[in-house]
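Protein chains in written order, with our numbering: chain A, 49 to 562; chain B, 10 to 115.
I should point out that these hints are in silico values taken from the structure, not numbers from a laboratory. Any given hint could turn out to be false.
[Said to hold, decoys possible] DSSO-like mimics (lysine-lysine), calculated; alpha carbons at most 27 Å apart, straight line:
id: 1; chain 1: B; residue 1: K14; chain 2: A; residue 2: K326
id: 2; chain 1: B; residue 1: K31; chain 2: A; residue 2: K326
id: 3; chain 1: B; residue 1: K61; chain 2: A; residue 2: K249
id: 4; chain 1: A; residue 1: K309; chain 2: A; residue 2: K510
id: 5; chain 1: A; residue 1: K265; chain 2: B; residue 2: K14
id: 6; chain 1: B; residue 1: K61; chain 2: B; residue 2: K79
id: 7; chain 1: A; residue 1: K507; chain 2: A; residue 2: K522
id: 8; chain 1: B; residue 1: K26; chain 2: A; residue 2: K507
id: 9; chain 1: B; residue 1: K79; chain 2: B; residue 2: K105
id: 10; chain 1: B; residue 1: K67; chain 2: B; residue 2: K32
id: 11; chain 1: A; residue 1: K546; chain 2: A; residue 2: K507
id: 12; chain 1: B; residue 1: K26; chain 2: A; residue 2: K249
id: 13; chain 1: B; residue 1: K38; chain 2: B; residue 2: K99
id: 14; chain 1: B; residue 1: K99; chain 2: B; residue 2: K67
id: 15; chain 1: A; residue 1: K309; chain 2: A; residue 2: K289
id: 16; chain 1: B; residue 1: K79; chain 2: A; residue 2: K249
id: 17; chain 1: B; residue 1: K105; chain 2: A; residue 2: K315
id: 18; chain 1: B; residue 1: K28; chain 2: A; residue 2: K510
id: 19; chain 1: A; residue 1: K301; chain 2: A; residue 2: K556
id: 20; chain 1: A; residue 1: K314; chain 2: B; residue 2: K99
id: 21; chain 1: B; residue 1: K99; chain 2: A; residue 2: K316
id: 22; chain 1: B; residue 1: K32; chain 2: A; residue 2: K316
id: 23; chain 1: A; residue 1: K315; chain 2: B; residue 2: K14
id: 24; chain 1: A; residue 1: K326; chain 2: A; residue 2: K512
id: 25; chain 1: A; residue 1: K249; chain 2: B; residue 2: K14
id: 26; chain 1: B; residue 1: K67; chain 2: A; residue 2: K249
id: 27; chain 1: A; residue 1: K95; chain 2: A; residue 2: K304
id: 28; chain 1: A; residue 1: K249; chain 2: A; residue 2: K95
id: 29; chain 1: A; residue 1: K510; chain 2: B; residue 2: K26
id: 30; chain 1: A; residue 1: K326; chain 2: B; residue 2: K28
id: 31; chain 1: B; residue 1: K106; chain 2: A; residue 2: K326
id: 32; chain 1: A; residue 1: K309; chain 2: A; residue 2: K548
id: 33; chain 1: A; residue 1: K316; chain 2: B; residue 2: K105
id: 34; chain 1: B; residue 1: K61; chain 2: A; residue 2: K265
id: 35; chain 1: A; residue 1: K265; chain 2: B; residue 2: K31
id: 36; chain 1: B; residue 1: K37; chain 2: A; residue 2: K265
id: 37; chain 1: B; residue 1: K32; chain 2: A; residue 2: K326
[Said to hold, decoys possible] Reference excerpt, derived from the structure (chain A facing chain B, CB under 7 Å, subset only):
id: 38; residue: G186
id: 39; residue: A226
id: 40; residue: P328
Since this is a predicted model, take the numbers as computed values, not measurements. Backbone N, C-alpha and C fix where the C-beta goes; we use that ideal spot for every residue, glycine too.
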Amino acid sequence: MSLKQFIQELRDRKELAKSGGGEKAMQKQKAMGKLSARQRITSILDKESFQEYDMFVEHAARDFDMENKVLHGDGVIIGTGTIYGEPVCIYAQDFTVAGGSLGLMHSRKICKIMDHALKMRIPLIGINDSGGARIQEGVNSLAGYGEIFYRNTMSSGVIPQISVILGPCAGGAVYSPALTDFVFVVENISKMFITGPSVIKTVLGEDYTMEEIGGAKVHCQISGNAHFFAENEQQCFEQIKKLISYIPRNNSKKAKSIEPKLPKLKKKLEDIVPVNPKLPYDMRELIMAVADNSDFFEVMEEFAANIVIGFGRMNGETVGFVANQPMVLAGVLDCDSSDKAARFIRFCNAFNIPLITLEDMPGYLPGIDQEHMGVIRHGAKVLYAYCEANVPKITVIIRKAYGGGYIAMNSRHMRADFVFAWPTAEIAVMGPEGAANIVFKKEIESAEDPEAMRQSKIKEYKEKFANPYVAASKGYVDEVIEPAETRSRLLHALEVSKDKFAYRPEKKHGIPPF
Amino acid sequence: MDNEKLESFRVYIAEYKTKLTKKFRERKKWTPPNPNHILAVIPGTILDILVKKNQHVKEGEILLILEAMKMENRVIMPFDGTVTSINVTKGETVPKKHIMVEITPD
């Protein structure tokens, strides 16, 4: 046998492995608007950069006649590659092979690439498209999930972990994405749930579709389990690449910086924000007016839209923006928005991304439903996350900063490094109306015309306290600035904070109010 | 800016113009619990009913068995009283918070 024959045999074997679940299954996958597992990987990675491993792994099921079946690659593809030259580890479940079901060897392949990602300290991207545990492999499948969860947890905060849901992801399988930093979903393709339609039907006798229980929209708008929504797979891949460009490869590095650019949005900042604090504006416009090239990559756009989070760049370097959104629910803090902001702050802190907070909020959302849902412990997450963060933290108070919300939104007291306020800022224990009603209760009640007295007292309170100068007089605000100065002040503050060192007491870990 | 969709939204005493979210709009109204209503704490199936209408029942006695998640849950009388109404039948599947039995205290 010549060497050529050996090479030919290898090529044949590879070709066979690449055929996945066969032509018919591949066609079915395509008909659902889904790419094949290999196509997905190559669409995300730089051209020609994908290197595959464990192509010849065979499954380990020895019961129920499974021993006579061949499952190419055991239903998952693993490898390494680059995105804009940055190295990543990647795996993709192949639905065409036994429904992408997870058995012992399938999970060992995933664990191999996860171990590699942690050891090499590079991001991990997992593409999920699986019917769930391979029932024929029994407890070995469960063990497989457990091993993955353990690695997700060990890697958390060391390397960025990205989950892409491109098919069903049900039962225990959903917990791996839930443990990772960012979850990407695609309309009509992604389905995530713990109990599916058939279980709900059996137990409760209620009929729901998979889409209603855990479709892409549900997780982006209601549950908050997903961070990025796309209309098709290609759009999703572009989002993943964009995210990778904003974040560092591990927690000891900074995100790559790029050529600094001036904001494209030329609208004047003072023209974006109405002076009347009761009128809304789109906070994202304000972010775009200060960020490099007006690029703002929003995270969790539709979930708890009363707070806006996302990545941008200042002087070419990645920053994380956290900003109240007066356009939605007046920008109040509530359970969902607290949860959303806190997790993002912790991601930025773990990966050395400075935080810029833009504040315009009237307080916490009042209501018995909020109280019963635990707005105390959820709200506390924001406090915890800000206090704990030791990356550069800068706050700009645009208009309202009332009560507990003022403290929570990266105030001086949470150890903000720089606190700026616009002259329109109202930093007070509560809104002028509420405060006047309490402070001047007697005067208002005993007045001949209580309403006129109320209005005059509101005005008085407003002039005296609803401004940035009381807080500035105590040094809680470092400087009251003109709106047009916002970007240059932020740039300078970031510049001088580059080598920030903030002491934190040694501990095993804190106990945030999860 | 799309001013047409803006609505009034009250936070404490001040009224703001803003947009409301679907989730906020669809939030459930809270009602104080009625101690005379025995609710299903979990969706399940009524396996057995051990009391009858107008029967006097002592605190701690079993009213019915609600099977859910492979567990036969005993639903217990919370205080001495009388069964005024039984709203379920044997074998019936009930959703969470379904009023299964109504009682009045002594």
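Exercise for review: Hints the structure violates: just list their numbers, smallest first.
Suggested key: The structure breaks hints 3, 4, 10, 11, 12, 13, 17, 20, 21, 22, 25, 26, 28, 31, 33, 34, 38, 39; every other hint is satisfied.
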